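So the chains spell out like this:
Protein chains: 2
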Amino acid sequence: MRVANFNPGPGALPVPVLEEAARDMLNWRGTGMSVMENSHRAKAVIAMVEEAEADLRSLMGLGQEWAVIFCQGGASLQFTMIALNFAGPAGRCDYINTGLWSTKAYKEAKICGANPRLAATSEPDDFTHIPEAFDFDSEAQYVHLTANNTVRGTQWKQYPKTPAPLMADMSSEFLSRPLEADRFGLIYAGAQKNMGPAGVTVTAVKRELADRARPDVPSMLSYPVLIKNESMYNTPPVWSIYISGLTFKWLKNTIGGLEAMAEINRIKAETLYRLIDQSGGFYRGTARPDSRSHMNVTFLLPDQELNDRFKKEAQAAGLEGLGGHRSVGGLRASLYNAVTQDDVNKLVEFMREFQRTRG
Amino acid sequence: MRVANFNPGPGALPVPVLEEAARDMLNWRGTGMSVMENSHRAKAVIAMVEEAEADLRSLMGLGQEWAVIFCQGGASLQFTMIALNFAGPAGRCDYINTGLWSTKAYKEAKICGANPRLAATSEPDDFTHIPEAFDFDSEAQYVHLTANNTVRGTQWKQYPKTPAPLMADMSSEFLSRPLEADRFGLIYAGAQKNMGPAGVTVTAVKRELADRARPDVPSMLSYPVLIKNESMYNTPPVWSIYISGLTFKWLKNTIGGLEAMAEINRIKAETLYRLIDQSGGFYRGTARPDSRSHMNVTFLLPDQELNDRFKKEAQAAGLEGLGGHRSVGGLRASLYNAVTQDDVNKLVEFMREFQRTRG
Chain A
11 MRVANFNPGP
21 GALPVPVLEE
31 AARDMLNWRG
41 TGMSVMENSH
51 RAKAVIAMVE
61 EAEADLRSLM
71 GLGQEWAVIF
81 CQGGASLQFT
91 MIALNFAGPA
101 GRCDYINTGL
111 WSTKAYKEAK
121 ICGANPRLAA
131 TSEPDDFTHI
141 PEAFDFDSEA
151 QYVHLTANNT
161 VRGTQWKQYP
171 KTPAPLMADM
181 SSEFLSRPLE
191 ADRFGLIYAG
201 AQKNMGPAGV
211 TVTAVKRELA
221 DRARPDVPSM
231 LSYPVLIKNE
241 SMYNTPPVWS
251 IYISGLTFKW
261 LKNTIGGLEA
271 MAEINRIKAE
281 TLYRLIDQSG
291 GFYRGTARPD
301 SRSHMNVTFL
311 LPDQELNDRF
321 KKEAQAAGLE
331 GLGGHRSVGG
341 LRASLYNAVT
351 QDDVNKLVEF
361 MREFQRTRG
Chain B
11 MRVANFNPGP
21 GALPVPVLEE
31 AARDMLNWRG
41 TGMSVMENSH
51 RAKAVIAMVE
61 EAEADLRSLM
71 GLGQEWAVIF
81 CQGGASLQFT
91 MIALNFAGPA
101 GRCDYINTGL
111 WSTKAYKEAK
121 ICGANPRLAA
131 TSEPDDFTHI
141 PEAFDFDSEA
151 QYVHLTANNT
161 VRGTQWKQYP
171 KTPAPLMADM
181 SSEFLSRPLE
191 ADRFGLIYAG
201 AQKNMGPAGV
211 TVTAVKRELA
221 DRARPDVPSM
231 LSYPVLIKNE
241 SMYNTPPVWS
251 IYISGLTFKW
261 LKNTIGGLEA
271 MAEINRIKAE
281 TLYRLIDQSG
291 GFYRGTARPD
301 SRSHMNVTFL
311 LPDQELNDRF
321 KKEAQAAGLE
331 GLGGHRSVGG
341 LRASLYNAVT
351 QDDVNKLVEF
361 MREFQRTRG
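Respectively, the protein sequence lines represent chains A and B. One point on numbering: in my numbering, the residue at position 317 of the first sequence is 327, and numbering is uninterrupted. One point on numbering: in my numbering, the residue at position 3 of the second sequence is 13, and numbering is uninterrupted.
By construction, these hints were calculated from the structure, which means they are not laboratory data. What you are looking at is a predicted structure, and each value in this text was computed from that prediction instead of being measured. Treat the hints with care, since some could be wrong.
Quick partial rundown of chain A residues pointing at chain B, CB under 8 Å, derived from the structure [as the list claims (entries may be wrong)]: (1) 19; (2) 31; (3) 200; (4) 331.
From the three backbone atoms N, C-alpha and C, an ideal C-beta is built for every residue, glycine too.
Can you build the whole structure from these sequences, using the hints too?
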């Protein structure tokens, strides 16, 4: 029996993707091997990785002025790579702080010897919204932000105009809506939200920007090295790319692209926010309404005991992964691409019933 | 139809491991989700990672004086991590050069600002054997070597006594034989040879050594940070750890441990070397006999045309992955743990027949 999966990441994957992966486990594309047992230099694997990249480019509308690479190490390693490639020791860079992951990115820039600066922060308001005022350093080599804040349930609706190239951690909203890519110099996303299994990270970076990266960077952390080797400087995480590639095809062919996906995601999120807003205060959203995320819906019940009971009873009812991040507590429903409207309807039904009997 | 898989890595995985992974794809351990869709903070996933670590420790006989972590980025990122954690800018370190991967490790230490030095090299003999004489720097912070040389088909039979902690890239021989772990300060191995899918790297490091690591290292590259967070500083590559864990159980329960595995591997390798040595010079092994690897058997035919024809006809006969590394050409049969004696017998039969008809 499958559950309704509201995990914050790793999270739900499309069932047809899992079914295809299971079916082809012992003999993938007629190679007589699992995709994991093929050499990464085999024609079939190179073709698969190229297909994944092409499908991703087509979904996102990324032209050849962008390099697209599959990396390892998650978003956390990108924090380091961005600082090393584009700021370096004593380099200047701006960070916008919207919560836990932004803070981590800022800290890694410091460890790399760069001088990161806060151009904006919503910390004084406990990260309940996206900042509106910015103080950019005209000498900064880049500006970094987190597009969707998984922990706090906030999401950018409009991106700021920045004097330096904008670099964005898109992990928890990647491929959930169309993106004005031209606003950015570099975007990156760990796979384990909307794309595939943990273990691969997509980075898209404008080639003219990558060309200006610092030369003194370890090979595995150097964007130019990874780009030149077309994601195969060393053995790439083939399985994670493979599952991500199947998800790209599902997004293109079954869902119909990012406009269609965004509309499905909008309705899912609105279904849940409506229930919260109409609960007479029994459920309380923690993000300011104008900053609410379509990916992670964070909310609280009147007291801790009810929070705990909700989590426990939801899990017993087949609604998985509703606990808030361990740093903030509360509740959180993550509505990634593979979470269906039917899953959300089940959750809303459960929430109505919970309020009726416990409220 | 499954092929006989002699790929150099990614390579063959045990069929029962693949069958279990396929079977549990939509509902792993009764969670109602794939293992990939579970949160890495879920009890079932934490238990799975702990089991994998415990099985690995038991297979290798690693006590609590060792930290064992699952990393990302392959052996190539370990090259950088070792230099950053244990040498650092202007630090001194010794490298033993036995081929392509040793050279890469050395180069990364240089990029990190350390002063790597060659304590021995078999480059003058075209890397056909393991060095016998060493010139260690008594001030070096560590000595690095590559245990098995995938490209050249050489393998250490006895490790040198070193004045500084010995660090070894074990990627292509990991878990293929018992290991005198106490000879080492740190060992590491990419999964994609004897363990599981590309995307995870195991590192075992003596705790007292890790405690002396430099503090100014980016979090994702810091051994102490990864150890303290028990492989979960950020989302780990759950699928790759899961498949590796299934392989550890197969090694323990089906094979019977590393002594038994080593014996199977010895017989596989000897079957193939015997055929080569008895071919009257038609097949010529490229490694010096006393340095021959049990994992990667490298050989040549009398001319390039025969090499090419061999590769092509072998592939048509269901014998996969026999091409030599692109840097050296020739032929190579990789006999990792999941390659069976039956696979090797098929190869030997093919080689006899090829010599009979083309020799």
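Now the hints, each set against the structure:
no.: 1; hint: 19; result: 7 Å, holds
no.: 2; hint: 31; result: 6 Å, holds
no.: 3; hint: 200; result: 7 Å, holds
no.: 4; hint: 331; result: 6 Å, holds
The structure fails none of the hints (numbered hints given earlier).
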